[in-house]
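Line order of the protein sequences matches chains A and C.
Following our numbering, the numbering of the first sequence begins with 1 at its first residue and continues without gaps.
Following our numbering, the numbering of the second sequence begins with 1 at its first residue and continues without gaps.
Check before you lean on any hint, since a few could be wrong.
[Said to hold, decoys possible] What the simulated footprint calls covered on chain C by chain A, stretch by stretch (three residues with Cβ under 8 angstroms from a Cβ of chain A suffice, anywhere in the stretch; the number is not a length): (1) 261–275; (2) 283–291; (3) 433–441; (4) 455–467; (5) 628–641.
[Unchecked claim] Below, in silico cross-link-like pairs of lysine to aspartate or glutamate (DMTMM-like), each with a Cα-Cα straight-line distance of 25 angstroms or less: (6) C:Lys567 with A:Asp355; (7) A:Lys94 with C:Glu286; (8) C:Lys637 with A:Asp253; (9) C:Lys267 with A:Glu105; (10) C:Lys38 with C:Asp111; (11) C:Lys464 with A:Asp355; (12) C:Lys267 with A:Glu129; (13) C:Lys637 with A:Glu255; (14) C:Lys69 with C:Asp95; (15) C:Lys267 with A:Glu112; (16) C:Lys172 with C:Asp152; (17) C:Lys637 with A:Glu266; (18) C:Lys267 with A:Glu111; (19) C:Lys38 with C:Glu84; (20) C:Lys267 with A:Glu115; (21) A:Lys374 with A:Glu255; (22) C:Lys75 with C:Glu100; (23) C:Lys69 with C:Asp136; (24) C:Lys90 with C:Asp111; (25) C:Lys267 with A:Asp95; (26) C:Lys464 with A:Asp352; (27) A:Lys374 with C:Glu447; (28) C:Lys637 with A:Asp254; (29) C:Lys267 with C:Glu314; (30) C:Lys107 with C:Asp77.
Honestly, the hints are just simulated from the structure, not real lab data.
A virtual CB, placed ideally from N, CA and C, is assigned to each residue, including glycine.
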Amino acid sequence: MERSLFARQPSVLVFIGLLALFTIVITILSEGFGLGIVSTSFIKILGKTLCLCLIAIAMDLVWGYCGILSLGHFAFFGLGGYMIGMWLMYERTKDIVIASLSGGELPATPEEITEAIGTQIFGVVGGAEIPVVWYFADSLFAQLLLVVLVPGLLALVFGWLAFRSRVTGVYLSILTQAMTLALSLYLFQNDSGLRGNNGLSGLQNIPGLTEVSQSVVSAWFFLASALALGLGYLVAAWVVSGKFGNVIRAIRDDEARIRFMGYPVEAYKLVVFTLTAVIAAIAGALYYPQAGIINPAEIAPIASIYLAVWVAIGGRGRLYGAVIGAATVSLLSSWFTGGQAPSIPLGFYTIDWVDWWQVLLGLGFVLVTLFAPKGIGGLFDRLVRKDAAS
Amino acid sequence: MLRIIFLLLAALLAFAPANAQDADLNALLETYRTKIEKPSRTTIGPVLDALVESQLPGVAVFLEKWREKELWQRKSDGRFFLVEKADGGKLMLIDVATGEQAGLAEKNDLDNLKPNSGVRGVIAGALVQFQLSDPDPERRLQALTALERAPDASHLSILRAAIDSEPDPAIKARKERLQRLLTIQFGSDQARRVAAIESFAGDPGVDARAALNPLLATSIKVFDTAPEGVNVARLLTPGSDIDAEAAYQLLVDAGKARPIVPLADRKQALIDNIENGMVAGTPVAELVSQSARDRAYLALAANGTVPPLVTREEQRQAVADHVFAEVYAEPDPVLTTAARETLANISGTVGFYQFLDLALDGLSLASIYFLAAIGLAITFGVMGVINMAHGEFIMIGAYTGYVVQQFIPNYTVSIIVALPLAFAVAFLAGVALERLVIRYLAHRPLETLLATFGVSIALQQIAKNIFGTQARPLTSPSWLDGAWVLNDVVSISYIRIAIFVLALAFLGLLLFVLNKTRLGLEVRAVTQNPRMASSMGINPDRINMLTFGLGSGIAGIAGVAIGLFAKVTSELGSGYIVQSFMTVVVGGVGNIWGTLAGAGMIGSLQKLIEFFNPSNTLAAQTYMIIFIIIFIQFRPKGIIALKGRAAGD
Numbered sequence: 001m002e003r004s005l006f007a008r009q010p011s012v013l014v015f016i017g018l019l020a021l022f023t024i025v026i027t028i029l030s031e032g033f034g035l036g037i038v039s040t041s042f043i044k045i046l047g048k049t050l051c052l053c054l055i056a057i058a059m060d061l062v063w064g065y066c067g068i069l070s071l072g073h074f075a076f077f078g079l080g081g082y083m084i085g086m087w088l089m090y091e092r093t094k095d096i097v098i099a100s101l102s103g104g105e106l107p108a109t110p111e112e113i114t115e116a117i118g119t120q121i122f123g124v125v126g127g128a129e130i131p132v133v134w135y136f137a138d139s140l141f142a143q144l145l146l147v148v149l150v151p152g153l154l155a156l157v158f159g160w161l162a163f164r165s166r167v168t169g170v171y172l173s174i175l176t177q178a179m180t181l182a183l184s185l186y187l188f189q190n191d192s193g194l195r196g197n198n199g200l201s202g203l204q205n206i207p208g209l210t211e212v213s214q215s216v217v218s219a220w221f222f223l224a225s226a227l228a229l230g231l232g233y234l235v236a237a238w239v240v241s242g243k244f245g246n247v248i249r250a251i252r253d254d255e256a257r258i259r260f261m262g263y264p265v266e267a268y269k270l271v272v273f274t275l276t277a278v279i280a281a282i283a284g285a286l287y288y289p290q291a292g293i294i295n296p297a298e299i300a301p302i303a304s305i306y307l308a309v310w311v312a313i314g315g316r317g318r319l320y321g322a323v324i325g326a327a328t329v330s331l332l333s334s335w336f337t338g339g340q341a342p343s344i345p346l347g348f349y350t351i352d353w354v355d356w357w358q359v360l361l362g363l364g365f366v367l368v369t370l371f372a373p374k375g376i377g378g379l380f381d382r383l384v385r386k387d388a389a390s
Numbered sequence: 001m002l003r004i005i006f007l008l009l010a011a012l013l014a015f016a017p018a019n020a021q022d023a024d025l026n027a028l029l030e031t032y033r034t035k036i037e038k039p040s041r042t043t044i045g046p047v048l049d050a051l052v053e054s055q056l057p058g059v060a061v062f063l064e065k066w067r068e069k070e071l072w073q074r075k076s077d078g079r080f081f082l083v084e085k086a087d088g089g090k091l092m093l094i095d096v097a098t099g100e101q102a103g104l105a106e107k108n109d110l111d112n113l114k115p116n117s118g119v120r121g122v123i124a125g126a127l128v129q130f131q132l133s134d135p136d137p138e139r140r141l142q143a144l145t146a147l148e149r150a151p152d153a154s155h156l157s158i159l160r161a162a163i164d165s166e167p168d169p170a171i172k173a174r175k176e177r178l179q180r181l182l183t184i185q186f187g188s189d190q191a192r193r194v195a196a197i198e199s200f201a202g203d204p205g206v207d208a209r210a211a212l213n214p215l216l217a218t219s220i221k222v223f224d225t226a227p228e229g230v231n232v233a234r235l236l237t238p239g240s241d242i243d244a245e246a247a248y249q250l251l252v253d254a255g256k257a258r259p260i261v262p263l264a265d266r267k268q269a270l271i272d273n274i275e276n277g278m279v280a281g282t283p284v285a286e287l288v289s290q291s292a293r294d295r296a297y298l299a300l301a302a303n304g305t306v307p308p309l310v311t312r313e314e315q316r317q318a319v320a321d322h323v324f325a326e327v328y329a330e331p332d333p334v335l336t337t338a339a340r341e342t343l344a345n346i347s348g349t350v351g352f353y354q355f356l357d358l359a360l361d362g363l364s365l366a367s368i369y370f371l372a373a374i375g376l377a378i379t380f381g382v383m384g385v386i387n388m389a390h391g392e393f394i395m396i397g398a399y400t401g402y403v404v405q406q407f408i409p410n411y412t413v414s415i416i417v418a419l420p421l422a423f424a425v426a427f428l429a430g431v432a433l434e435r436l437v438i439r440y441l442a443h444r445p446l447e448t449l450l451a452t453f454g455v456s457i458a459l460q461q462i463a464k465n466i467f468g469t470q471a472r473p474l475t476s477p478s479w480l481d482g483a484w485v486l487n488d489v490v491s492i493s494y495i496r497i498a499i500f501v502l503a504l505a506f507l508g509l510l511l512f513v514l515n516k517t518r519l520g521l522e523v524r525a526v527t528q529n530p531r532m533a534s535s536m537g538i539n540p541d542r543i544n545m546l547t548f549g550l551g552s553g554i555a556g557i558a559g560v561a562i563g564l565f566a567k568v569t570s571e572l573g574s575g576y577i578v579q580s581f582m583t584v585v586v587g588g589v590g591n592i593w594g595t596l597a598g599a600g601m602i603g604s605l606q607k608l609i610e611f612f613n614p615s616n617t618l619a620a621q622t623y624m625i626i627f628i629i630i631f632i633q634f635r636p637k638g639i640i641a642l643k644g645r646a647a648g649d
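Generate coordinates for the entire structure from the input sequences, incorporating the hints supplied.
In structure tokens:
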């Protein structure tokens, strides 16, 4: 008899419970809803971290379970951010433009409004025309659909090309990295239609909610991110727990053998690759309204490699490992680089963590790879097993 | 002919002793005394013309001294003199016309004439004809250069006169060429101009195109009927050759049609005619679309309060009633035809040279990629190890070069020292990485990738902490400055040639090491089958270490080479890492020739894309990467794929 997901994977229940508890506590403590102990900026950091945890789950699914070391998932994350950012920026600019034009002696015509929006948004890259890619920008529904469609299609086409020609292992990693680089270089151009290296900005202001304070908006986004993370975790756990999960794990361990057994390996890989790309895009669409700005530098190949680092440190092949890794490393990273970490005076030299955190991260990463290939999640496993044994 | 003799005489006599009739020059100067005393750019022309026309000897010397601010004027009678320093602080006067000494004078009795730079420029122009026949070839060349820079119709006859007497064949050829260029621009004889135009067929020089293009300058003109009496380049069909709106605007400009009231003016007219919240009977609040506004405007126009709109139909009719044509500014069709044909011919030649230039550019970029990637090809291809820190070894090499230059100020010596030192430093770093990290990750390529990435970010940050974020210079020796120039189209800088040579040298060196030495034999053995190799007495550990060191060391040398033309920063290497991986993957792993092919393909491809889209190198890189992704679809193992057992995964 088929047992339920939670019976097969008790850790899912634990994780969802902890996440719910964490979310409720933070919400009560937040400025927007309750006691105001947790500041709005910290809520934003937590909300963003939850989104990073979500993309880490996607990464774990594609790398830890299916063995595809993709160095391109941050490209999907960024694309998701761009898609939602277009709506946010367009609608907000439209509100501003209509407000400023309403002071004129004649009521504004649609043409005048469009022209003013174009100048407002694209003046910075020397344009006034609204590019074709912004065609749906005034429709939230369409842009939400694009959040899923654009990265999903990109992943589908790219994955189909790559898997079809049996590009595997490190070759695939390099190829995904090349894709990311190509995308970020393309977006860096001023005539890409997405404002070149200026990126999209002012995304923290939600159109139509101008009277609502940022503390409330940030709390809502925090809740949405937590919900998305919970759902994403459930989906991922469901995917890996069934027969599908067994097949993709088997592909990871011995691709040729699975192919000989008659499984369409490419199709499985393509499904996982595309599904994780969509999850990454949704994470990005939640992340960037909290960050407030997106530019092509966010998509640079290095970001995707950091993503792999988080998952590796957290522990591959364990969904909670990915979450732990992403949360720990990204929070530590913002703590160290934010200048809050105390400097260590050595007498002849003072270790300033703003400068040395990267070195610590890099070397720590080497050490984790060498000595703890299962990451922090592996330590957890060992503890749990000891408990079970005693 | 007579004129030539005169000019020759003038040039000769300018340096020869005096002659009786020369007294005239002083008289001539006397005529223009006030203008010479207070010269200005606008008034100096006639004076110079008169002087040159007079054909008098001594004029050249006079003009030259004047230009060099060495002309003096005696206060008592206003005569002009050249001077020489004499004893007792006095000046020895020298007659302008005869060149003879004319007695001593006190400095206070004389004025030194110092024309401003504008005037001096005009004088220099007049001097050209004397300089073109100067006995000193250096000065003739200077005069030619001056002429090339600022050609003028008046120079043509002077130049023609100065050709036959030219003894130096190289200068003569240059004079001849300039003469033809000037003939094209300023000549009066049609046959001669056509001959001059046609003589430039196949000439890639920029000056030839600069002389020919003005002949083909066109402007769009409007005619009521078929154009006559003008040199028509082509007739334009409104709507396809020329925008219908632009065509109407031309009609308006020519006064053949009523101007269109611009949108902004129409809006202003509506605003001006608001009465009690209404415009011509329409409430202001209803004017929310352009068509509503147009209706309101038409209503106003019907009242006669504003100028009427030009309807689309009217515009279309007006455009259809006229003929539009591109008309050459040059009235002679024979000339324009010759110029057009010659330019077409030239563009063929220029296209060939551009291709050559492009090929050189591609070759140079390819050699840079080759240098950056060959080390990676060795570690990746031979050991199957992805080294993400490879770019940082390039950076280490570049910084080694920078540090060496801090200690050795002579750039030539410092580069010679830096190359082996960069190899040594990067070699040691590579060996350390292999011993400390990669050795433990054998057969786990993805983990190796991530671990070396950790090393990469640590190294980058350490470099940033030591050297700061600002770019450090790595200066090339002065003999590498400049460029090798074939003609106006093809040129390549010496640094790039040097890098090309360096890449060739390393290609040869590596081929030698891998194919002809004991180490190479062992490396190949370990590549193909490490266990078999080790049972034959080869120590795979040692070989792996040396191979990794070798690959890293070459990256160090590549760093010095790249640092010579790029700024040395901590991000220097990471900019090349993806391209290097691409080079290796496209070329085919485990094969030096493959890397060469990959570098050649990527380098020339990138230059080719840049050629078609020169303003945008970012787009070029994007397209190139997309191309590579597609390329790998068709040849997943690269251009040169290993076959048989060596290819075993």
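Against the structure, the hints come out as follows:
no.	hint	verdict
1	261–275	holds (count 4)
2	283–291	holds (count 6)
3	433–441	holds (count 3)
4	455–467	holds (count 10)
5	628–641	holds (count 7)
6	C:Lys567 with A:Asp355	holds, 22 angstroms
7	A:Lys94 with C:Glu286	holds, 21 angstroms
8	C:Lys637 with A:Asp253	holds, 22 angstroms
9	C:Lys267 with A:Glu105	holds, 10 angstroms
10	C:Lys38 with C:Asp111	holds, 12 angstroms
11	C:Lys464 with A:Asp355	holds, 8 angstroms
12	C:Lys267 with A:Glu129	holds, 21 angstroms
13	C:Lys637 with A:Glu255	holds, 18 angstroms
14	C:Lys69 with C:Asp95	holds, 16 angstroms
15	C:Lys267 with A:Glu112	holds, 11 angstroms
16	C:Lys172 with C:Asp152	holds, 19 angstroms
17	C:Lys637 with A:Glu266	holds, 18 angstroms
18	C:Lys267 with A:Glu111	holds, 13 angstroms
19	C:Lys38 with C:Glu84	holds, 23 angstroms
20	C:Lys267 with A:Glu115	holds, 15 angstroms
21	A:Lys374 with A:Glu255	holds, 21 angstroms
22	C:Lys75 with C:Glu100	holds, 20 angstroms
23	C:Lys69 with C:Asp136	holds, 22 angstroms
24	C:Lys90 with C:Asp111	holds, 13 angstroms
25	C:Lys267 with A:Asp95	holds, 23 angstroms
26	C:Lys464 with A:Asp352	holds, 13 angstroms
27	A:Lys374 with C:Glu447	holds, 11 angstroms
28	C:Lys637 with A:Asp254	holds, 20 angstroms
29	C:Lys267 with C:Glu314	holds, 21 angstroms
30	C:Lys107 with C:Asp77	holds, 15 angstroms
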